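Colleague: Each chain, written out:
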Amino acid sequence: MGEKIFSGGGEKEVTRAIISEFARQFEEYVESDCIIVGAGPSGLMAGKILCQEGLKIFIIERNNYLGGGFWIGGYLMNKVTVRAPAQKVLDELGVPYTEASHDLFVADGPHACSKLIAAACDAGVKFANMTVFDDLILREENRVAGVVINWTPVQTLPRQITCVDPVALETKLVIDATGHDACVVTKLEERGLIKTVGYGAMWVERSEDLVVEHTGEVHPGLVVAGMAVSTVYGLPRMGPTFGAMLLSGKKAAEIALKILKKG
Amino acid sequence: MDGDFTVPSIIHLYNGADPGEVKSEDLAAFLKTNFPESLVNVREDFFSYWLRRCGAKEERFHYLAKNLAQSRVHHPDKRNFSHEPLPGEVDFELKFLMSDRIKPVGVLYDGFQVMVICSDLFAPDEAIWDHCHIILTNQLLGTWDENDCRCHIRVSLYGFPSIISTTGIVEGPARPREYYLGLTLGANQESLKKAFSPRYVGYGDPRLAEVIKGYLFQALFYHMTGDPFCHDKGCRLFNAHWQEEMLYAQLRPGAALCGLHRQILESVSGKKKQDFK
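The listed protein sequences derive, respectively, from chains U and X.
Take the first sequence: its position 26, counting from 1, is numbered 26 in our numbering, and each next residue is one higher.
Take the second sequence: its position 105, counting from 1, is numbered 105 in our numbering, and each next residue is one higher.
Since the hints were made in silico from the structure, they are not lab data.
Just so you know, these numbers come straight off a predicted model, no measurement behind them.
Glycine is no exception: its CB is placed at the ideal position from the N, C-alpha and C atoms.
Hints should not be assumed to be uniformly reliable.
The calculated lysine-lysine pairs, modelled on DSS-like cross-linking and capped at a C-alpha distance of 30 Å, are [unchecked claim]:
id	chain 1	residue 1	chain 2	residue 2
1	U	258	X	66
2	X	95	U	250
3	X	66	U	4
4	X	193	U	262
5	X	193	U	88
6	X	95	U	258
Here are the simulated distance ranges between beta carbons [stated by the list, open to error]:
id	chain 1	residue 1	chain 2	residue 2	range
7	U	94	X	127	53 to 63 Å
8	U	92	X	101	16 to 26 Å
9	X	62	U	193	19 to 29 Å
10	X	194	U	193	39 to 49 Å
11	X	41	U	122	49 to 59 Å
12	U	156	X	180	49 to 59 Å
13	X	83	U	53	51 to 61 Å
14	U	103	X	210	18 to 28 Å
To give an idea of the interface, some chain X residues facing chain U are shown, with a C-beta separation under 8 Å as derived from the structure [as the list claims (entries may be wrong)]:
id	residue
15	61
16	74
17	86
18	88
19	90
20	91
21	100
22	106
23	107
24	209
Go ahead and model the full structure; you've got the sequences and the hints to work with.
Modeller: Quick look at the structure:
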């Protein structure tokens with residue numbers, strides 16, 4: 001008889017390993033430099049850059065999977081496009097691409113998305129997936145100082161059987177990278193602390209620049225990135241090109257760094 | 001008719017369009033050829049020029065940025081300019097007022113609000129009808145239409161100053177009906193563009209420069225006569241609502257002013273304002 005492939009260890013050891021490692025990390029990230037809500041391309045990009053700068057970054061993602069819409073380009077076709085100069089980000093990530101037309105580049109969605117996730121993980125970003133953003137922590141002068149979270153399934157089950165209170169995480173800065181929903185900004189709006197314009201109805205071909213240019217701090221302690229920017233400022237709809245998401249995430253990181261250095 | 005109209009002594013052309021799409025020298029040459037009695041003065045982007053010339057201080061930039069942010073049309077079916085702009089919107093305007101960078105396209109502004117903001121910047125010696133100010137911009141401008149209670153993207157607005165929008169040329173006049181039908185039926189936009197591109201002006205289209213000249217004619221005719229348009233579909237003053245109408249009026253072989261407007265132009269040639277005193 002040959003040797004066994006795997007070493008021994010019972011179910012209880014497996015369970016203990018999961019619990020202890022999860023608890024250790026969760027406890028560590030109850031306090032962080034920046035919490036990013038949403039693990040789509042802009043959130044991942046921002047997290048990767050901030051972590052590379054030595055900051056402690058926690059990303060909250062309501063789905064089990066990371067990457068948001070970056071897996072698929074449009075109409076369920078898994079090719080993603082970026083306009084110049086965003087192909088430089090693909091170069092940095094080591095994602096192969098081809099030039100579909102002048103300054104428009106196309107890459108394999110799964111390849112691009114998995115490389116971006118890996119880059120964020122390699123940089124040291126930690127994640128809470130299957131975790132939904134529930135509310136904000138506000139401190140003096142309504143500065144954003146953290147988020148309240150819960151398990152995603154809690155929201156989808158009848159209230160009678162899911163009276164599960166959320167928990168809170170403290171941080172110096174929050175980035176709303178939740179896409180068109182702009183969940184974090186919306187929560188502030190519900191409290192009358194900010195106004196948003198709403199999702200732009202008009203389609204203009206060249207509006208990617210606007211998303212990047214409007215990326216910034218919308219309320220003390222809250223930066224908005226990616227398509228959430230569109231919702232806040234009512235910018236026009238865009239086609240399924242991801243250059244603006246990647247560069248908006250990059251700009252959000254740059255702004256976050258400035259804020260954190262000041263603070 | 002003769003004697004009622006005057007050509008301006010000076011035509012100021014402000015080029016705030018994408019320099020890759022619009023060459024000022026080419027447009028200036030066109031104006032000089034058609035309005036030989038006027039001095040044609042090509043200037044940089046309107047705001048850059050006047051803010052620099054008046055030595056604007058920081059507060060003036062902020063004031064202007066806030067006004068521009070307030071003139072944004074957020075919802076095409078609502079008319080509301082009393083909203084307080086978001087700080088990020090003001091910052092966005094400020095950033096581009098204070099730099100030489102080309103402002104990105106996509107925000108829709110109310111054209112008449114922008115015209116008022118611009119007219120506020122003129123120095124008194126140039127705020128006279130003998131000077132014709134024409135602004136070329138890459139920004140999207142719209143005006144409210146009382147008939148259908150919607151804001152519509154416009155190619156141009158005529159007044160003091162007149163404004164011509166290069167993105168308005170692309171986004172304003174409607175593309176062929178079949179194009180929209182294809183979109184509705186879920187056809188791929190890139191293939192639609194390929195199929196219909198000869199029938200409408202797109203971004204980076206080399207035909208744009210020639211089309212602008214027709215709108216320069218309209219601005220000058222507004223300045224001289226008070227009416228920028230002509231009902232003749234073959235005249236360069238035709239107010240096109242469809243791209244194909246625009247291309248016909250501006251680009252068909254031999255595109256020109258109609259007989260009546262050619263006659264007006266010839267009649268005012270050599271008659272500057274002082275000739276009529």
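Colleague: Run every hint past the structure and note whether it holds.
Modeller: How the hints compare with the structure:
1. For the proposed pair residue 258(U) and residue 66(X), the alpha carbon gap of about 24 Å is at most 30 Å, so the pair holds.
2. Under the criterion of a C-alpha separation no larger than 30 Å, the hint pairing residue 95(X) with residue 250(U) is consistent with the structure, at around 19 Å.
3. For the suggested pair residue 66(X) and residue 4(U), the alpha carbons sit about 73 Å apart, so the restraint of at most 30 Å is broken.
4. Proposed proximity of residue 193(X) and residue 262(U) is contradicted: the alpha carbons are some 48 Å apart, above 30 Å.
5. A distance of roughly 27 Å separates the Cα atoms of residue 193(X) and residue 88(U); the hinted pair therefore holds under the 30 Å criterion.
6. A threshold of 30 Å between alpha carbons decides the hint, and for residue 95(X) with residue 258(U) the separation of about 17 Å falls inside it, so the pair holds.
7. Between residue 94(U) and residue 127(X) the Cβ separation comes to about 59 Å, which falls inside the hinted range of 53 to 63 Å.
8. Checked against the hint of 16 to 26 Å, the C-beta distance between residue 92(U) and residue 101(X) comes to roughly 24 Å, which is consistent with it.
9. A beta carbon spacing of about 23 Å between residue 62(X) and residue 193(U) agrees with the range 19 to 29 Å that was offered as a hint.
10. Range check, residue 194(X) to residue 193(U): about 47 Å between beta-carbon atoms, so the 39 to 49 Å window is met.
11. Look at residue 41(X) against residue 122(U): about 58 Å separates their beta carbons, and that is inside 49 to 59 Å.
12. With their beta carbons about 39 Å apart, residue 156(U) and residue 180(X) fall outside the hinted range of 49 to 59 Å.
13. The hinted range of 51 to 61 Å is not satisfied by residue 83(X) and residue 53(U), whose Cβ atoms lie roughly 37 Å apart.
14. Hint check: residue 103(U) to residue 210(X), Cβ distance near 25 Å, so the stated range 18 to 28 Å holds.
15. Proximity of residue 61(X) to chain U is violated relative to the hint, the smallest CB-CB distance being about 17 Å (cut-off 8 Å).
16. Hint status for residue 74(X): holds, given a least beta-carbon distance of 5 Å to chain U, under 8 Å.
17. A cut of 8 Å between beta carbons decides the hint on residue 86(X): the least distance to chain U is about 7 Å, and the hint holds.
18. About 6 Å separates the beta-carbon of residue 88(X) from the nearest beta-carbon of chain U, less than 8 Å, and the hint is met.
19. Among the interface hints, the one on residue 90(X) is violated; its C-beta lies about 11 Å from the nearest C-beta in chain U, farther than the 8 Å criterion.
20. Hint on residue 91(X) holds. Least Cβ distance to chain U is approximately 7 Å, under the 8 Å limit.
21. Below 8 Å, beta-carbon pairs count as interface contacts, and residue 100(X) has none with chain U, the closest being about 15 Å; its hint is therefore violated.
22. Restraint check, residue 106(X) versus chain U: the minimum CB separation of about 3 Å is within 8 Å; hint holds.
23. Contact between residue 107(X) and chain U, as hinted, is supported at the beta carbon level, the nearest pair being about 7 Å apart and thus within 8 Å.
24. Interface hint at residue 209(X): violated, since its Cβ lies 18 Å from the closest Cβ of chain U, which is beyond the 8 Å cut-off.
In summary, the structure is inconsistent with hints 3, 4, 12, 13, 15, 19, 21, 24 from the numbered list given earlier, while agreeing with the others.
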